[in-house]
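Participant: Given these sequences and hints, build the entire structure.
Sequences listed follow chains A and B, in order. Going by the numbering used here, the first sequence opens with residue 15, and the numbers climb by one from there. Going by the numbering used here, the second sequence opens with residue 15, and the numbers climb by one from there.
I should point out that these hints are in silico values taken from the structure, not numbers from a laboratory. Because the structure is a prediction, the values reported are computed rather than measured. A hint or two may mislead.
Identical chains share a label here; the pair holds if one copy fits it or two copies do between them.
To be verified - Subject to a maximum C-alpha distance of 27 Å in a straight line, what follows is the list of computed DSS-like cross-link-like pairs (lysine-lysine):
1) Lys66 to Lys207
2) Lys207 to Lys87
3) Lys87 to Lys188
4) Lys153 to Lys137
5) Lys188 to Lys153
6) Lys88 to Lys153
7) Lys137 to Lys87
8) Lys137 to Lys159
9) Lys136 to Lys153
10) Lys66 to Lys88
2 protein chains.
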Amino acid sequence: MSLRRQTVSEFTATRLSIYLRALASLETEGIRHVSSEAFGRRFDLSPAQIRKDLATFGEFGVRGVGYEVSVLKKHLISILGLGHTRRLVIVGAGRLGQALADSPGFTSAGFAVAALFDNDPKKIGTETRAGIPVHDVEKLSEIVKLGSIAIAVLTVPASAAREVAGRCVEARVKGILNFAPVRLTAPPGVKLKNVDLKIPLETLSFYIQKP
Amino acid sequence: MSLRRQTVSEFTATRLSIYLRALASLETEGIRHVSSEAFGRRFDLSPAQIRKDLATFGEFGVRGVGYEVSVLKKHLISILGLGHTRRLVIVGAGRLGQALADSPGFTSAGFAVAALFDNDPKKIGTETRAGIPVHDVEKLSEIVKLGSIAIAVLTVPASAAREVAGRCVEARVKGILNFAPVRLTAPPGVKLKNVDLKIPLETLSFYIQKP
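Facilitator: Written as structure tokens, this is what we have:
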């Protein structure tokens, strides 16, 4: 693929992930072909947007037939880099970090949590309920390099996030997923994605107002 | 507003929330006007998409001048229903539920957690670190109705999510935000939004692959 991934917007990348879920759902129901129109109607997505998003990565549809569900699903898995399990670390072994570490919704199929890190002596040396170890954050760089770990998930308080992100960059992770309630940026070569848990709450708020 | 909110896609509603953050950020920097082009460039959004999204709700821009930051921000706050603090309940007082309840990133400015609910006798009657009470889930309906609470956030295990969502519907909440790793649906009149924490992880995965 000659495409430069960094030029693809986060909105597009996010939609690819949503398409993948939709395709998995269709496959479960035994549906083998889907048009962008039917795909869009079913999942409340614009057909034009779907065609444009997918065209960025290749020609996957056949005019008059649409997309072959299993084939497009395989392509999306490959495009998203989900063909093999990626190991990640979680920095911040508080309630959110531990909940994510043990959640099947966060790390099943495609991702595995190798370790958590914290600077609290009471947490260091313990394990999550699922048995994932909590290490001293001072060992972050060593463990990331030894384990060839590409992703760090930040679940530290806002006040610590910038410093911890810096440590992750030094440890040579390629991607940082930041759950701390502060917008961070990363140097070139490291992709940083901020997760704002309030956005879905605001989206919900939009729909429940009196007209 | 004559617009039927239910016909607006979740993608659009989510973008409104993202625009609001971007405008707040511009305001902090003292920027008073912004064109859809500059707005888009700065935040990696399509200017055409921005204009289309906003045009759904009114005429906020002036040709050649763009949008007035503070005015558009006020409009978005109103459109998203964030002009007053909404009280919500969290069902499931596990690690994720407690983390969200106490997180300034989840419930500051616009949202306040009134209570958590659980069915675990060890949790019922306790408080989160920030002092939010954990009640028996049997009292959900009573407390939601007494407190005129419109939003329930689900942080229960996948196996319990459907039944708990049913309880929330019976309690007459208007919106449900589901963090359980299972896709739920709700009857007409109740808006249900599923949060999939794996999507940002997959989005990150997209960017960090070898070309």
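Participant: Hint by hint, note whether the structure agrees.
Facilitator: Cross-check of the supplied hints:
no., hint, in the structure
1, Lys66 to Lys207, "both (23 Å within a copy, 25 Å between copies)"
2, Lys207 to Lys87, "both (24 Å within a copy, 24 Å between copies)"
3, Lys87 to Lys188, "within (25 Å within a copy, 34 Å between copies)"
4, Lys153 to Lys137, "within (14 Å within a copy, 34 Å between copies)"
5, Lys188 to Lys153, "within (18 Å within a copy, 47 Å between copies)"
6, Lys88 to Lys153, "neither (37 Å within a copy, 46 Å between copies)"
7, Lys137 to Lys87, "neither (40 Å within a copy, 42 Å between copies)"
8, Lys137 to Lys159, "within (22 Å within a copy, 40 Å between copies)"
9, Lys136 to Lys153, "within (16 Å within a copy, 35 Å between copies)"
10, Lys66 to Lys88, "within (18 Å within a copy, 33 Å between copies)"
When each numbered hint is compared with the structure, violations occur for hints 6, 7.
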